[in-house]
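Novice: Protein chains in written order, with this note's numbering: chain L, 1 to 140; chain D, 1 to 140; chain G, 1 to 140.
Calculated from the structure, these hints are not laboratory results. On a predicted model such as this, the values are computed, not experimentally measured, just so you know. There's no promise every hint is true.
Which copy is meant is left open, so a pair is good if it fits within one copy or across any two.
Straight-line distance between alpha carbons at most 25 Å, and here's what the computed DSS-like set of lysine-lysine pairs gives [what the hints assert, rightly or not]:
1) Lys44 with Lys11
2) Lys110 with Lys6
3) Lys2 with Lys110
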Amino acid sequence: MKFLQKEIRLKARNRGFHLITDEITSNFGEISELNTGMMQVFIKHTSASLTINENADPSVRTDLESHMNELVPEEQSYYTHTYEGPDDMPAHIKASLLGSTVLVPITNGKLNLGIWQGIYLCEHRDCGGSRGLVLSAWGY
Amino acid sequence: MKFLQKEIRLKARNRGFHLITDEITSNFGEISELNTGMMQVFIKHTSASLTINENADPSVRTDLESHMNELVPEEQSYYTHTYEGPDDMPAHIKASLLGSTVLVPITNGKLNLGIWQGIYLCEHRDCGGSRGLVLSAWGY
Amino acid sequence: MKFLQKEIRLKARNRGFHLITDEITSNFGEISELNTGMMQVFIKHTSASLTINENADPSVRTDLESHMNELVPEEQSYYTHTYEGPDDMPAHIKASLLGSTVLVPITNGKLNLGIWQGIYLCEHRDCGGSRGLVLSAWGY
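Input sequences plus hints: build the corresponding full structure.
Specialist: Here it is in structure tokens:
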């Protein structure tokens, strides 16, 4: 049994949903050492998140951003955590709704994603900057 | 340490929330080999999802479907990903809100779920068809 | 490779979002035995949940409670699962939106959380009582 782990930083991205599967796998070639296992991606931030969704048509990512802004609008009268700007508290809420982790099976040395699945960085701040990830994998 | 993995297909189900704990455990009897460990269920699709919720009263599943349709309605004017039908983009959004993974501890060879907990398939498409899962488990 | 597991009960808390990182780590000192690994926290209930969010300003936790009550209001006309009180069905829905698991990398014998991250118990019932958790960790 092996346990592999490394930390990487993603390039900074605009607010919205971004496909990062290739950026993860190119930084974590060690997963090819695992015939059968599991990979976790963990984001070390509370105003950005990770999810798995469609890897093909970019309109899915556009519509996710539009709808998350409807579900969690800025400037709600009951927000009290407002001193970091109007995009901050909504970013925290979106981060908890979508989550800080994706967990993907490894089979035959590769991520065993469905044919249409990709890993997304969900950047909820207007200027979130570079985000830090911990990549971990374990198995045989 | 063992690492077990297999792929299964669930029978096709209608749009809605469905209890699938028994379908998973009956397909993955190998978890009884693990005294202490972890099981992941991963869904290889972006318009259906997995969650854990109440295993008893089916009204919980009915109300989850009703409320997710309120949170993520069809036919929103800002949806641009519309060519696969009105149920498609909402299905993608619901899938990210609920997630593609459930992760359950194994104790004494069995899933260590709470007494009221069961695993749900959340089918967000009107005609999603059979869904593919990867079942993985590791431990001693 | 080690696999560690134990069950604990959290002290009862009021409805709302509560920082429990210290309560978890003080109950699971065994993670210091793992140089590199993974910790899962699993909640054995369907009306409370776990998430990761900001560990500093408590206003984030207040606003999460306010906004989750907007997203999942009580007394919706279409709720049919109503016999356990008006806070029950919303609690089930919130639990699925936020999830029953947090999964955190372990590095150098400690949780590798971001500097602003903490683990939250999300108590969705008015009187949820003490909640049971399964703590698991594996690695070298």
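Novice: With identical chains, the pair Lys44 and Lys11 could be close in the same copy or across copies; at 25 Å between alpha carbons, which is it: within, between, both, or neither?
Specialist: For Lys44 and Lys11, only the intra-copy Cα distance (14 Å) is at most 25 Å; the inter-copy one is 27 Å.
Novice: Checking an output row: Lys110 and Lys6, CA cutoff 25 Å. Within, between, both or neither?
Specialist: both (17 Å within a copy, 15 Å between copies)
Novice: State whether the alpha carbon distance between Lys2 and Lys110 is at most 25 Å within one copy, between copies, both, or neither.
Specialist: This pair counts as both: shortest intra-copy Cα distance 15 Å, inter-copy 19 Å.
Hint violations for this structure: none, all hints satisfied.
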